[in-house]
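Starting from the known structure of chain A, fit chain B onto it as the hints suggest.
These are the residues of each chain, in order.
Number of protein chains: 2
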Amino acid sequence: MIKVGLLGCGTVGGGVYNILTTKKEDIERKLGEEIQIKRILVNEKNKKRKYDVDASLLTENYKEIIEDPEIQLVVELIGGETPTLGYIKEAINHHKNIVTANKLILAKYGREIFQLAKNNNVKVYYEGSVGGGIPIIKTLKESMIANKIGRIYGILNGTTNYILTQMTEKSIDFEDALKKAQSLGYAESDPYFDVSGLDCAYKISILSSLAFESFIDVNSIYVEGIDKIEREDIEIAEELGYTIKLLAIGKRYEDKMLDIRVHPTFIPKSNPLSKINGVYNVVQIHGDVVGDIMIYGQGAGEMPTASAVVADIMEAAKSIKYHIENEYSIGRLNGLKLIGTDEIENSFYIRLRVNDIPGVFAKIAKAFGDNEVSIASVIQKHRLNPVVPIFLLTHPIEEKKMKKAIDSLKELDDVIEIKNIIRVEDFNEKF
Amino acid sequence: MIKVGLLGCGTVGGGVYNILTTKKEDIERKLGEEIQIKRILVNEKNKKRKYDVDASLLTENYKEIIEDPEIQLVVELIGGETPTLGYIKEAINHHKNIVTANKLILAKYGREIFQLAKNNNVKVYYEGSVGGGIPIIKTLKESMIANKIGRIYGILNGTTNYILTQMTEKSIDFEDALKKAQSLGYAESDPYFDVSGLDCAYKISILSSLAFESFIDVNSIYVEGIDKIEREDIEIAEELGYTIKLLAIGKRYEDKMLDIRVHPTFIPKSNPLSKINGVYNVVQIHGDVVGDIMIYGQGAGEMPTASAVVADIMEAAKSIKYHIENEYSIGRLNGLKLIGTDEIENSFYIRLRVNDIPGVFAKIAKAFGDNEVSIASVIQKHRLNPVVPIFLLTHPIEEKKMKKAIDSLKELDDVIEIKNIIRVEDFNEKF
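Quick mapping for you: the protein sequence lines, in order, are chains A and B.
Using full-length UniProt numbering, the first residue of the first sequence is number 1, and each one after it goes up by one.
Using full-length UniProt numbering, the first residue of the second sequence is number 1, and each one after it goes up by one.
Worth flagging that the hints you see were computed from the coordinates, not collected in a lab.
Treat the hints with care, as some may be off.
Derived DEER-like restraints, expressed as beta-carbon distance ranges [what the hints assert, rightly or not]:
# : chain 1 : residue 1 : chain 2 : residue 2 : range
1 : A       : E169      : B       : G278      : 22 to 30 Å
2 : A       : Y253      : B       : R49       : 33 to 41 Å
3 : A       : E232      : B       : E175      : 33 to 41 Å
4 : B       : Q182      : A       : E411      : 58 to 66 Å
5 : A       : Y51       : B       : E417      : 45 to 53 Å
Some, not all, of what chain B presents toward chain A, calculated at C-beta under 7 Å [what the hints assert, rightly or not]:
# : residue
6 : P83
7 : G86
8 : S143
9 : Y296
In silico SDA-like pairs for lysine to any residue, Cα to Cα no more than 20 Å straight-line [what the hints assert, rightly or not]:
#  : chain 1 : residue 1 : chain 2 : residue 2
10 : B       : K3        : B       : E90
11 : A       : K256      : B       : K23
12 : A       : K275      : B       : G278
13 : B       : K269      : A       : K256
14 : B       : K170      : A       : K50
15 : A       : K170      : B       : N271
16 : B       : K269      : A       : L31
17 : B       : K170      : A       : N271
18 : B       : K269      : A       : K148
19 : B       : K275      : A       : N93
20 : B       : K141      : A       : Y322
21 : A       : K23       : B       : G291
22 : A       : K141      : B       : R111
23 : A       : K3        : A       : H94
24 : A       : K50       : B       : K23
25 : B       : K118      : A       : L31
26 : A       : K148      : B       : L31
27 : B       : K321      : A       : L31
28 : A       : K148      : B       : R29
29 : A       : K148      : B       : E90
Here the structure is a predicted model, which means the values were calculated and not measured.
Just so it is clear, CB atoms sit at the ideal spot from N, CA and C, and this is done for glycine as well.
Isolated chain A (complex conformation) (with noise of 0.2 Å):
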């Protein structure tokens, strides 16, 4: 029999609770092995709940799991940083095993945790950090074991996803389709955290550092989020073949460095991932034996996130079980450091305000050319007034001469306004 305390009995830990319970007989069978969960680590032993907890159970004294020689593995489902990353480090030192959705800690204390694990013989999983129920870290670690992974393409986060393709399908603003994720309670009340892109950044932190062995500082990723996206962007790209996503973005840079980057990305329609609408969160990932793979599903939410904690759990347990000391252990050899986004060529989107009179384009042109942005297409809509919009598609070029170019049009007295500046993803590389 397998012990396991649990830290937290909120929306994903009652799930996991409840599906332990509920499928006991069928989770027994197909592990060979009964998981008990001996207790639960509560704020409150008295507060109502969802599920139907067994109130001898609780405890509000996390020191009863941590300290209990009993329990082999403890799933941490608490979120947030403080005390939980104490409550982890603790678990760890008094060698217990770790389950944990908590992409916060990993992202940020990752090197730390598994360094940590490691000296303590214990294993750390965390399937439902990333992508709620969707099998990514799995595939990584084991389905790809034969792979080096070029790159991964994700879109990881529901509520910005949702936003935009509010505003892709139904033609309304940031604010209102803002207003309507937090209505369906897709977003937060205080969005920060998703809009901004972090809650991605983090992500494609935990996804890069598995996938390229190497960990990544989550403050040295670039992150855009999506608050600058206008309706008239959003039009725009539909016109050119795109679709607009909040995209995360981990790639091997000449196999000497790596780009790791969250922003809004102009995606060619004919692209998988143009078509991953609402809250649904998508993984690609390019291996340089298998080609390119796709995983879709949910990406938050109780359910998707506790089956991805269960099967956590069913792992772990297994591992114990059977004394398995590597875990297919990611070696977090390479000490790849990331590139500058400077350094990186895209294509660009550009929107610009600029005094209708005859000769403004040659001037705009003339200052692309320049610094040498070649323009790819334009589009230009006429206005019952003195100023027009222009859209501009570049070629790919370096961000550093895009920068330069973006500075000379500034200096233009005709130019009024630069309102967007979006990256184009041509999702062309050669492995």
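Relative to the frame of chain A, chain B by itself:
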């Protein structure tokens, strides 16, 4: 050290050999154990091979592998039924674990092989048998272990998906698309096995046997190929908002029976399955906890399949090293029976050729109405001859009632021909 015997060194076998030798260090680091290919069965030792294979490993005598007491794992990549089935059974009787990508043998003799493996206390791994590099078996067995699987939808055959994609995108006929597929090596010179839907039937029987824990007899699956699909069907599907795909379906039916089928299917364009084009494969699974998961990748080809086989070899090696008994063994507990298509409710698309005279549509509508079939939409294309094509879409109706309606139609003098009947999948089940 785990010693492995390879049966076959063709496209996939050569790919596996190549990965295991070129990535030897990486694989050993991840597994924590050396994997050694001890011997390789080939037809002809002196044949020229794509990869540089160590000639001292080659043998033309299968007994040198199957009877070698040092070899713990036999990797079968010969394909076909004879002599492969005999080799696999003999290897299991000699207590070898098996990795295979042989869908034919698993679908036809799976029950016997898994029983034999159980009796001999060895395991059979088969990720490469369905969907090439798509990690669908591991996802079903491990990642979705907390789930009761409600339904599986698969586009599981790259040849037919390529042909249908070409017909859709290029507006060409079946015969021309087939020729193009053959010229590119995506279709065999005798395309029967793919085009008839049989290949898909083997694959969905393997997936369903695993997901529903009931061995499915592949011969009792309803199978319909794509050779009757004409350009006109595809054009009308587009007009109605659908894409035609060869869909493999596995569903629980009222929790007591299973509904397993392979046939051309109208898929709404809003469903991501409709966007999976070309030689790509996709599987969409619904679990009661996690909701929908979709996995997509290259469904065939030397390297994607080799990637899956190497992942299985690693899994098997881990299992051997740590004496893992219960590989989440799938119980095969339920003896769920298949339900006949007559009982299944679908919407239907029907293409007719009728005499272009007043009142003909009223007669058709009556023939449907008399059999409880209600019409959802009608498209009538005007042509410059006395015959007019009519395209109908029905509301959902039991197939046996639909058949009666079709019989009534056939009795009408003005119905010249029933050109095609295609099922529509609405994807609106409640679990």
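Practice task
May I ask which of the numbered hints given earlier this structure violates, with the numbers listed in increasing order?
Solution key: 3, 5, 6, 7, 13, 14, 16, 18, 19, 22, 24, 29
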